[in-house]
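Could you slot chains B and C onto chain A? The hints should help.
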Amino acid sequence: MTTVPALRVERLSVEFRTRSGIVRALDNVSFSVRKGETIALVGESGSGKSVTAYAVMGILDPAGRVTNGQAMYGEIDLLAASPTHLAAIRGREISMIFQNPRTALNPIRSVGRQIADVLIRHGEVPARGALPQAIEMLRAVGITDPARRASAYPFELSGGMCQRVMIAIALAARPSLLIADEPTTGLDVTTQAVIMDLIAELGSELGMATVFITHDLALASQRATRIVVMHAGHVVENAPTTALFAQPRHPYTAELIAATPDSATDLDDLAAIPGSLPDLRRPDLPLCRYAERCPRKTERCAQPLPQTAIDAEHIVACWNPIPVQAPLKRAVGAS
Amino acid sequence: MTDITAIIRESRVASLFRHSRYVLAENPVTVFAFALFLLLVLAALLGPQIAPYDPLASNTAQALKPPSAQHWFGTDQLGRDVFSRVIVATRLDFFIAVASVALVFLMGGLAGVAAGFFGGWTDRIVGRIADTIMAFPLFVLAMGIVAALGNNVQNIVLATAIVNFPLYARIARAEANVRREAGFVEAARLSGNADWRILVSQILPNVFPILVVQMSLTMGYAILNAAGLSFIGLGVRPPTPEWGIMVAEGATFMVSGQWWNAFFPGAALMIAVFSFNLLGDGLRDIVDPRRRT
Amino acid sequence: MPMMTLIIKRVMMAIPSIIGVVIVTFLLTRMLPGDPATYFAGPAATPQAIQEVRVKLGLDKPLIHQFGRYVLDLAHGNLGTSLTTGQPVSTELRTRLPASAELTLLGLLISITIAVPLGIVAATRPNSVLDHTCRIISTTGVSLPVFFTGLILIYVFYYLLGWAPAPLGRLDVFYETPPQITGFFLIDSLIARDTQTFVAALKQLILPAVTLGVFSLAPIARMTRASMLAVLSSDFIRTARASGLSTWTVVITYAFRNAVLPVITTLGMVFSFLLGANVLVEKVFAWPGIGSYAVEALLASDFAPVQGFVLTMAVMYVALNLMIDILYGLIDPRVRLEA
Chain A
112 MTTVPALRVE RLSVEFRTRS GIVRALDNVS FSVRKGETIA LVGESGSGKS
162 VTAYAVMGIL DPAGRVTNGQ AMYGEIDLLA ASPTHLAAIR GREISMIFQN
212 PRTALNPIRS VGRQIADVLI RHGEVPARGA LPQAIEMLRA VGITDPARRA
262 SAYPFELSGG MCQRVMIAIA LAARPSLLIA DEPTTGLDVT TQAVIMDLIA
312 ELGSELGMAT VFITHDLALA SQRATRIVVM HAGHVVENAP TTALFAQPRH
362 PYTAELIAAT PDSATDLDDL AAIPGSLPDL RRPDLPLCRY AERCPRKTER
412 CAQPLPQTAI DAEHIVACWN PIPVQAPLKR AVGAS
Chain B
863 MTDITAIIRE SRVASLFRHS RYVLAENPVT VFAFALFLLL VLAALLGPQI
913 APYDPLASNT AQALKPPSAQ HWFGTDQLGR DVFSRVIVAT RLDFFIAVAS
963 VALVFLMGGL AGVAAGFFGG WTDRIVGRIA DTIMAFPLFV LAMGIVAALG
1013 NNVQNIVLAT AIVNFPLYAR IARAEANVRR EAGFVEAARL SGNADWRILV
1063 SQILPNVFPI LVVQMSLTMG YAILNAAGLS FIGLGVRPPT PEWGIMVAEG
1113 ATFMVSGQWW NAFFPGAALM IAVFSFNLLG DGLRDIVDPR RRT
Chain C
60 MPMMTLIIKR VMMAIPSIIG VVIVTFLLTR MLPGDPATYF AGPAATPQAI
110 QEVRVKLGLD KPLIHQFGRY VLDLAHGNLG TSLTTGQPVS TELRTRLPAS
160 AELTLLGLLI SITIAVPLGI VAATRPNSVL DHTCRIISTT GVSLPVFFTG
210 LILIYVFYYL LGWAPAPLGR LDVFYETPPQ ITGFFLIDSL IARDTQTFVA
260 ALKQLILPAV TLGVFSLAPI ARMTRASMLA VLSSDFIRTA RASGLSTWTV
310 VITYAFRNAV LPVITTLGMV FSFLLGANVL VEKVFAWPGI GSYAVEALLA
360 SDFAPVQGFV LTMAVMYVAL NLMIDILYGL IDPRVRLEA
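Going down the list, the sequences are from chains A, B and C.
Straight run, no breaks: the first sequence in my numbering ends on number 446.
Straight run, no breaks: the second sequence in my numbering ends on number 1155.
Straight run, no breaks: the third sequence in my numbering ends on number 398.
Wrong hints could be hidden among the right ones.
Stretches of chain B that chain C covers, calculated by requiring three or more beta carbons in the stretch to come under 8 Å of a beta carbon on chain C [to be verified]:
1. 904-912
2. 1079-1089
3. 1115-1127
For each label pair, taking beta carbons as the anchor points, the in silico distance ranges come out as [stated by the list, open to error]:
4. B:F980 with C:M63: 34 to 42 Å
5. B:Q932 with C:L227: 34 to 42 Å
6. C:H124 with B:V891: 35 to 43 Å
7. B:F896 with A:P385: 46 to 54 Å
8. A:T129 with B:P1071: 24 to 32 Å
9. A:T129 with B:V1074: 26 to 34 Å
10. B:F980 with C:P121: 27 to 35 Å
11. B:D916 with C:R194: 40 to 48 Å
12. C:R194 with B:L907: 29 to 37 Å
13. C:R128 with B:L907: 47 to 55 Å
14. C:A225 with B:D993: 38 to 46 Å
15. C:R194 with A:T129: 18 to 26 Å
Facing chain B, from chain C, some residues (calculated, C-beta under 7 Å) [unchecked claim]:
16. L87
17. V201
18. S202
19. P204
20. F206
21. L212
22. Y218
23. L220
24. L339
25. V354
26. A373
27. V374
Just so you know, these hints were derived from the structure itself, not from any lab.
Idealized CB from N, CA, C, for every residue including glycine.
One chain only, chain A, in its complex shape:
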């Protein structure tokens, strides 16, 4: 694994114009993914994880605007690139898969043709070879009897199969970065594991970097080597997985971990995170958006957020981070 970043997001800020005001959805979001690395963007619903991905991919809702920041893919700033240039990169260099795979596929087009469309678009094969290649992709993502399945429509396939098809579409042009937005939500547990394994396997085959977006910290801990914790449009902590679980520094991260069950937890011991996300339309939004729910709040917290580097790999955005203590009893996570 080299240290060259595949994607470097710097100070990304996004706002949405709505009827009831301007929603400052993202504020100075920064993180990076290295080539071949697998990271996870983690946070509650509404923390801005998906918006970050949409902004990077250039598929924000028309009401959304990038007000600041860069998304460097190599030498190119994705946020400033021309639409033609972006369309050439999307699907080819950077791909994305979504949750609800059934609705994310064209209902009146066969899955084989949908894969072929991407293959043809990115010049991978001449038009005639597209469908056979699509069938090969279906085989690669583990769909049995791919030749017959290729002429099937999404409504004829199960949720798990549809997600495999989406993976096939995303990986058809062999991208170097995959963004996976809640890819297993809505699938049953066994299928979840299978899909995650598939992504990991194909990812390592292609030497692809992967960004998982999820609210499920346990899932993130199993699959990602680095976790970026988001809250209300801010990155609050960014650390390798083991370090994060061993020593969470941001109060929000600690609450998240405490609220995440593992096989050893007693349901009665599960903690709920107090409070709720602040209304991002407020003009008087505090500089630290967690402050109002934070048990460790001090007067210093009224200042602009710091980017305190705990060490080379671990950043936390907090004026009063949790002090270093004995390693937590719970060591959830992979190597």
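What follows is chains B and C alone, placed relative to chain A:
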């Protein structure tokens, strides 16, 4: 008991009023449509009084004069003042519109709620009737009905109501279906009310707001329908002033350049239908903001 | 084959509609206030003539008997005889049908060619000038009486500008009708390689066809716009964009093909309006189609043609709706495969 329901009804009306004011403020187009609508109502009510000339008085010496200071809209082939005729015709066309809509609301609304409420055979019969009506192109069916029953205003109203019956029946049926199991219906039943009474006093009034949007649009359609029928000689008979007939009479002259005869009644038609359509759209925003297009 | 099953199912569903139509057209004459025989004998008939007609048409027999005869006559294609022309109604309808069909189809073609792209562009550029134009056209188009539009077009383009020929029918007197193959003058003249007649026929067709086109523009544009707006914000379009597919592929191949489904359903309603508007336009432009045939008969109190007209229009409408259903099934595999 009565006090509480009265209070609840009052506050419901008050909140509807407040909501309407809010939507109207947001939506200047609706206000414009409403103003236009009121103007039309005024013309309908005061028509004969404010018309400068007798709409039926012919004066062949003054035939086919273009618009001027004495005759704002010119005169027709019998020397009658077009402006007066257009204003007075508002009443008739308005009456046709309102009557048609009232009739179809009663017919379609009752049949629909009965079908939705009772289900079974009632539902099937109403459905069959609606399907049969919908199998015809609407204007053609109206033509057939008026041709069969005779050329007069009542039959135009009846034909328009019949032709719109399926739409109202379907909407009413859907609403009744939803409310069949509602609490207040159960309460009414338990206090001994006959089913029919429940239908008319409870369900039909609840269905009304949903239908009112459609009714505004149907008024526009009713006027166009009546005008169309009159245009082909199946509606109102001359010399009664009605916009459609006036366009028909003026049509031959338009080809040779005397445009005012047919133009002004046609424009009046357009403005009336336009305001009903806009009003319907605005009402839809008040009643169901989810359905804005 | 799922397609055949779908077609058969839809045809079966159309049969009750046809039955209903036959019954209603029967009732329209038999349930008239007064004596039906007078309608069919005509306003100038003597009491003897009326009695003859009554016996001849079996109007003195019980209703069921009459209905049986009616259905039998229909099965033989017998729609009665016109009083004013003395010709069988079915023959006249058949001869005049191509005129109406050519007009309606051209009008629909004009309407779709403008309305659909307008709707698509309005949806891809919300709140732009084009979007507002689309909405204004939609609201105005629905409010304009079709005969009024026709008259205005004649006034502007014939009287004022002199561009269009006199609204006197399908072909100027100087031209001969092309040899009949389809009955459509445009097609027949092309087959006969007679470009002059083609142009002449087209010139006569333009104004009435545009009138019908303007009339049907509004619902189609409105539905296309609304449908495209809904589809463009759906999940699978987001996936298509994220895959880097070209704008054309996203908007047309992916979005439009899905959005066209409700538009096709709307076409059914549009046909209902068109078949009615046809009658009015034929009157304005003196077009020798089945609409004007019925109107002329009406004015002469000649009832058999009117009945035949209503029946024919209704049957055509049922057939058109059937074709629309089948077309829908061709585009949407979900409908096909659930059969």
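Hint check:
1. 904-912: violated (count 0)
2. 1079-1089: Since 3 is at least three, the answer is holds.
3. 1115-1127: It holds, with 7 qualifying residues against the three required.
4. B:F980 with C:M63: 34 to 42 Å: Holds: the Cβ-Cβ distance is about 39 Å, inside 34 to 42 Å.
5. B:Q932 with C:L227: 34 to 42 Å: With a Cβ separation near 35 Å, Q932 of chain B and L227 of chain C satisfy 34 to 42 Å, so the hint holds.
6. C:H124 with B:V891: 35 to 43 Å: violated, 59 Å
7. B:F896 with A:P385: 46 to 54 Å: holds, 50 Å
8. A:T129 with B:P1071: 24 to 32 Å: Holds, since T129 of chain A and P1071 of chain B (Cβ atoms, about 28 Å apart) stay within the stated range.
9. A:T129 with B:V1074: 26 to 34 Å: holds, 30 Å
10. B:F980 with C:P121: 27 to 35 Å: Roughly 33 Å apart at Cβ, these two residues keep to the hinted range, so it holds.
11. B:D916 with C:R194: 40 to 48 Å: Holds, at about 42 Å.
12. C:R194 with B:L907: 29 to 37 Å: holds, 32 Å
13. C:R128 with B:L907: 47 to 55 Å: Given range 47 to 55 Å: holds, Cβ gap about 52 Å.
14. C:A225 with B:D993: 38 to 46 Å: The hinted range 38 to 46 Å holds for A225 of chain C and D993 of chain B, with Cβ atoms some 44 Å apart.
15. C:R194 with A:T129: 18 to 26 Å: For T129 of chain A against R194 of chain C, whose Cβ atoms are near 22 Å apart, the range 18 to 26 Å holds.
16. L87: Check passed: Cβ of L87 of chain C comes within 4 Å of chain B, closer than 7 Å.
17. V201: Interface hint status for V201 of chain C: holds (6 Å vs cutoff 7 Å).
18. S202: Holds. Min distance 4 Å.
19. P204: At 5 Å from the nearest chain B Cβ, P204 of chain C passes the 7 Å test, so the hint holds.
20. F206: Result: holds, 5 Å to nearest chain B Cβ.
21. L212: violated, 10 Å
22. Y218: holds, 5 Å
23. L220: Because about 12 Å separates L220 of chain C from the closest Cβ in chain B, which is outside the 7 Å limit, the hint is violated.
24. L339: holds, 6 Å
25. V354: holds, 5 Å
26. A373: holds, 5 Å
27. V374: Check failed: Cβ of V374 of chain C comes no nearer than 9 Å to chain B, outside 7 Å.
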